[in-house]
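Peer 1: Chain order of the listed sequences is V, X and A.
For the first sequence, numbering that gives the first Met the number 0 assigns the number 0 to the initial residue and increments by one for each residue that follows.
For the second sequence, numbering that gives the first Met the number 0 assigns the number 0 to the initial residue and increments by one for each residue that follows.
For the third sequence, numbering that gives the first Met the number 0 assigns the number 0 to the initial residue and increments by one for each residue that follows.
All clues given are correct.
Among the chain X residues that face chain A by a calculated CB cut under 7 Å, a handful are:
1) 129
2) 233
3) 247
No lab work stands behind these hints, which were simulated from the structure alone.
Think of the CB as a built atom: it goes at the ideal place given N, C-alpha and C, for glycine as much as any other residue.
Letter by letter, the chains look like this.
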Amino acid sequence: MIRIENLSVAFDGPEVVKNVSLEIGDGEILGVVGESGCGKSVTALTLMGLSPRTARVTSGRILYDDVTLLEAGKPRDEALYRRYQGARMSMVFQEPMTSLNPTQRVGRQVEETLRLHTKLTSQERKEKVLETFRAVGLKGEEIVYRSYPHQLSGGMRQRVMIAMAVILHPGLLVADEPTTALDVTVQNQIISLLGEINKKQKNAMLFITHDLNLARRLCSRVAVMKDGRIVETGETEQIFEHPVQEYTRQLIQAVPSRLKERKREKGPRENGRGYAAPVVKVQDLSVYYQEGSNSLFGRKKRRCVVKGADFELYAGESLGLVGESGCGKTTLSRAVLGMIRDIDGSVVHNTLRPQMIFQDPYGSLNPAKTVGWLLQEPLRARGAIDASLALSKEEMEEAAYDMLRRVGLEACYFHRRPSQLSGGQRQRISIAQALITNPGFIVADEPVSALDVTVQAQIMELLRNFQQEMKLACLFISHDINVVYKMCDRIMVMKDGRIIESGDTQEIFASPREEYTRQLLIGS
Amino acid sequence: MPAHVTKKRNKYLTAGLIMTGTAVLLGILAFFWTPWSTTAMSASERFAAPSFRHLFGTDNFGRDIFSRVMKGMGTSVMISALVVLLSASVGIFLGALTGYFGGVLDEIVMRVTDAVNGFPSILLALVVISVLGTGRQNLILSLGIVFSPSYIRIVRSEYLRLRDADYIKRARLMGVGKGRILFVHILPNILPVFWVSVMIGLNNAILAESGMSYLGIGVQPPDASLGNMLSDAQGYLQTAPWYALAPGLAIVWIVLGFSLFSEGIRRLGE
Amino acid sequence: MAYLGKKLITLIMTLFLVSAAAFLAFQIIPGDVVTSILGTEATPEREEQLREELGFNDPPVMRYLHWVGGLLRGDLGTSYRYSKNMNERMPVSELIGDKLPVTLWLAALSTVLIIVISLPLGVLWAKSRSHAVDAALGVVTQTAMAVPSFFLGILVTYCFGVVLKLFTPGKYVSYRQSFSGFLGYLIFPALSIAIPKIAMTARFLRNSMLTELGADYVRTACGKGCSQRRVMYGHVLRNALMPVVTFLGMIISEIVAGSIVIEQVFGLPGIGRLLISSISNRDFPVVEILILYITSAVILVYFLVDILYRVIDPRISEK
Numbered sequence: 000m001i002r003i004e005n006l007s008v009a010f011d012g013p014e015v016v017k018n019v020s021l022e023i024g025d026g027e028i029l030g031v032v033g034e035s036g037c038g039k040s041v042t043a044l045t046l047m048g049l050s051p052r053t054a055r056v057t058s059g060r061i062l063y064d065d066v067t068l069l070e071a072g073k074p075r076d077e078a079l080y081r082r083y084q085g086a087r088m089s090m091v092f093q094e095p096m097t098s099l100n101p102t103q104r105v106g107r108q109v110e111e112t113l114r115l116h117t118k119l120t121s122q123e124r125k126e127k128v129l130e131t132f133r134a135v136g137l138k139g140e141e142i143v144y145r146s147y148p149h150q151l152s153g154g155m156r157q158r159v160m161i162a163m164a165v166i167l168h169p170g171l172l173v174a175d176e177p178t179t180a181l182d183v184t185v186q187n188q189i190i191s192l193l194g195e196i197n198k199k200q201k202n203a204m205l206f207i208t209h210d211l212n213l214a215r216r217l218c219s220r221v222a223v224m225k226d227g228r229i230v231e232t233g234e235t236e237q238i239f240e241h242p243v244q245e246y247t248r249q250l251i252q253a254v255p256s257r258l259k260e261r262k263r264e265k266g267p268r269e270n271g272r273g274y275a276a277p278v279v280k281v282q283d284l285s286v287y288y289q290e291g292s293n294s295l296f297g298r299k300k301r302r303c304v305v306k307g308a309d310f311e312l313y314a315g316e317s318l319g320l321v322g323e324s325g326c327g328k329t330t331l332s333r334a335v336l337g338m339i340r341d342i343d344g345s346v347v348h349n350t351l352r353p354q355m356i357f358q359d360p361y362g363s364l365n366p367a368k369t370v371g372w373l374l375q376e377p378l379r380a381r382g383a384i385d386a387s388l389a390l391s392k393e394e395m396e397e398a399a400y401d402m403l404r405r406v407g408l409e410a411c412y413f414h415r416r417p418s419q420l421s422g423g424q425r426q427r428i429s430i431a432q433a434l435i436t437n438p439g440f441i442v443a444d445e446p447v448s449a450l451d452v453t454v455q456a457q458i459m460e461l462l463r464n465f466q467q468e469m470k471l472a473c474l475f476i477s478h479d480i481n482v483v484y485k486m487c488d489r490i491m492v493m494k495d496g497r498i499i500e501s502g503d504t505q506e507i508f509a510s511p512r513e514e515y516t517r518q519l520l521i522g523s
Numbered sequence: 000m001p002a003h004v005t006k007k008r009n010k011y012l013t014a015g016l017i018m019t020g021t022a023v024l025l026g027i028l029a030f031f032w033t034p035w036s037t038t039a040m041s042a043s044e045r046f047a048a049p050s051f052r053h054l055f056g057t058d059n060f061g062r063d064i065f066s067r068v069m070k071g072m073g074t075s076v077m078i079s080a081l082v083v084l085l086s087a088s089v090g091i092f093l094g095a096l097t098g099y100f101g102g103v104l105d106e107i108v109m110r111v112t113d114a115v116n117g118f119p120s121i122l123l124a125l126v127v128i129s130v131l132g133t134g135r136q137n138l139i140l141s142l143g144i145v146f147s148p149s150y151i152r153i154v155r156s157e158y159l160r161l162r163d164a165d166y167i168k169r170a171r172l173m174g175v176g177k178g179r180i181l182f183v184h185i186l187p188n189i190l191p192v193f194w195v196s197v198m199i200g201l202n203n204a205i206l207a208e209s210g211m212s213y214l215g216i217g218v219q220p221p222d223a224s225l226g227n228m229l230s231d232a233q234g235y236l237q238t239a240p241w242y243a244l245a246p247g248l249a250i251v252w253i254v255l256g257f258s259l260f261s262e263g264i265r266r267l268g269e
Numbered sequence: 000m001a002y003l004g005k006k007l008i009t010l011i012m013t014l015f016l017v018s019a020a021a022f023l024a025f026q027i028i029p030g031d032v033v034t035s036i037l038g039t040e041a042t043p044e045r046e047e048q049l050r051e052e053l054g055f056n057d058p059p060v061m062r063y064l065h066w067v068g069g070l071l072r073g074d075l076g077t078s079y080r081y082s083k084n085m086n087e088r089m090p091v092s093e094l095i096g097d098k099l100p101v102t103l104w105l106a107a108l109s110t111v112l113i114i115v116i117s118l119p120l121g122v123l124w125a126k127s128r129s130h131a132v133d134a135a136l137g138v139v140t141q142t143a144m145a146v147p148s149f150f151l152g153i154l155v156t157y158c159f160g161v162v163l164k165l166f167t168p169g170k171y172v173s174y175r176q177s178f179s180g181f182l183g184y185l186i187f188p189a190l191s192i193a194i195p196k197i198a199m200t201a202r203f204l205r206n207s208m209l210t211e212l213g214a215d216y217v218r219t220a221c222g223k224g225c226s227q228r229r230v231m232y233g234h235v236l237r238n239a240l241m242p243v244v245t246f247l248g249m250i251i252s253e254i255v256a257g258s259i260v261i262e263q264v265f266g267l268p269g270i271g272r273l274l275i276s277s278i279s280n281r282d283f284p285v286v287e288i289l290i291l292y293i294t295s296a297v298i299l300v301y302f303l304v305d306i307l308y309r310v311i312d313p314r315i316s317e318k
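This is chain V alone, in the form it adopts within the complex:
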């Protein structure tokens, strides 16, 4: 039984966790959900005694089965915590690659927990580690034991982290976004594993996530956090079906989910795509990569990354491309844009300069330039290529201000630099920059994946509106099937470089033909 009472934590500045109280009973999974920066991770780290030295507990206390672990005004009892950490409480982190020591074999890293907390002999320790590896579903446990982290896949690494955490059957297990860095199908497996462990070991589990769908699947109770405070707590179904607080309602609303009815206008396919020629026509497209040594002497291998893709895209239509990381979806989109030259088959599009919107709002705007400069650059480039389209300085400036307004930003942002904008604002500028020349066709590569749910919803809305206004054809890439559901008229599912299934969004969601598609759908 874990009790957090009126906990407040501050770094140098104001409190980032304010008066938080939580209770987790044995065998119970409590979900803490909220957007980035809401204080959920700080709460977890403070509970675990892992918060950085600069963090101060300004009020409240933490109790573990009636033992006071931490109390405001007293320094953290490191010796007490060290006895608890690893043995009675442990934590699984978001990034399994960096959370493991890169230069130590994983077996030894897991074994260290036993070395620290038990008096087992080295033989017994190894036995126990192997046994735990089997229990968390790691096949070939002897090989895994001897492996270094970089030799394992992301899912295996996370299983190793879980093995390390649960090997001593701790009373408290904290999982901080344990599946965020993983692919959807692996995500499913890890979530069920955590559920199983919880059933078997009956530990109190704190599950931290930004993903409301995951919380709903795994947790018995949920606490919603915002700006360091708990906004609402309750039984999971209660929270999702009848949220009391306005913020909770917003959050749930913002989540793209199939469970909610989709407001959908008639797509361009239904209203007469019969006459219009496709904006983009891709026939039997295969894309190759050169890999291997890049020295003068080394021989290069030509690897086929995308195999025989066929599709068409019409004006005003949005085509979703889904699949897990490494399936070739980004490569396909690059080839369609002409950024990769080594291809077989044909790509024809009747637009002048198709544009692209990237996932990372921090990397897609030149940090050395102002917003105004960035918005005018496509116009300048167009003018330099085709003198008949050249605009005067005033016209370009006017067009930039106009675009700024249309993406919902005030004129004062014109002179700011990207570093002075938030992630959502940057993504708006990205969209503005891509659309200012009215390109007719854009590729959006995971454009909302790096954003918080509420911002995500706004950006999707914005894109949708532009699409209808400009009759834009859009190839929309995402790993998140729910986002695609909300954004796209048609869907293509990609696996290992092939498009394995494609069709109308509603149809695919209602009756997927392929087993793989079904798995992707379960994951959400």
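Given chain V, work out where chains X and A should sit, using these hints.
Peer 2: Frame of chain V, contents of chains X and A only:
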């Protein structure tokens, strides 16, 4: 620099600015005026200890050490600045081309810079000097050759990194010309790294120049340089320790100033 | 193993290229070597005779091949400047023979000093929580890095030689006379080379450790219940040392350069001083061989560092 950043107190920058500022100003001043002539000898005033008349004392020929240190600083700073100008220009040009385009040119340039970089810089400068002969231009040229590879590498790796940045991909999609991408889109983004390496380069150039002058293959007497003064002074450590101390500390002053300054700039960038 | 073989081939190729570059560079030098050896008053017959003797009438490539052939047989050529007796010029191998150990010992001693002092210093610095210690070490190392080695050599001479009289400046003790006396003298030049490098390496290690301390796996280790000590020595140190190994390789190759200058300061009869005097004497056969020697040493250091790196970093060794 944007105003909101400089407001934060930056001790490194202040100290570095003061130290390099005095050195550079004294050095420039020395080309027009020194308290005493840098070459006039005086038999009656040999090895005068530091005093108000001769701030750092006089040397074995009775020449005023302070004046000669001033002149030496000027010479060192000027030579180093020219060396850095030469090597940094080569670096920007070749680094940008090889980093952005890659290909055969990149292969060749990288092999050569690999070979040169693995080599202690002073040794390479020695070889070049022994081929070209001594003299001020040759000194600048040889150090310029020696320092170019590190600039090429730094600039190249920055271009290589930014070549695939999302915003550069987008610039290509917009149809922005290659020259404009290289020097308008990418160049401003590498400047923070570049300025730090210029500062470090100035440091290394000063150390190399004074080292070579010390060995007698850099600036030749009777021209005053910090290195050849030290070499002369070494013989009189017993009788006139201040003679060695003055040019030596002058080098430390300049080098420390530049490194504090570059650390200050680096912190500004963060 | 395949990697090692490949690396060795590159190594040999580099050496070959450097030897060619070193040799051919001196063929294009302006000024006739013969005139500079014989002086301007020699008869044309004498000049022609010497030219023939030195092989100057052959094309450069032939002479290069001849030279390399000699090298492979262990013949390093003869000096232009030094003579063994009236009719025989000094073989380069004899000229270098007793100077090489001096430089090698100097480099070895400096390397040992750097490693033995800088590594513990860097670790202690990273561990220190006291702001005063941190700031003091910062100032001291920053200053030490700004002192050029020859000035440091002069300072060491002044402090330990002139003031404290721990050794007599200029009174070099040959290793043939007394080995302990030799090392006793050598420790001071070695110190002059080492001090700035110690400062650099300690700073580098400290920064590397602080970076590693912020890594995610450190949090994992703490979460297991590791003590600070265990986290530091069991997890952080090895990861932090990896970039330091590469850095040390660079530093050690710089020692070679440092020793050229330092030999001049302390009057050590090593190959550095020979190099300087040969360059000013335009004694090219000696210069060529010395460049080849120094290059080989530098390349060897990089090679060893590369291997060491592969041993300690599992991420590279298995690729």
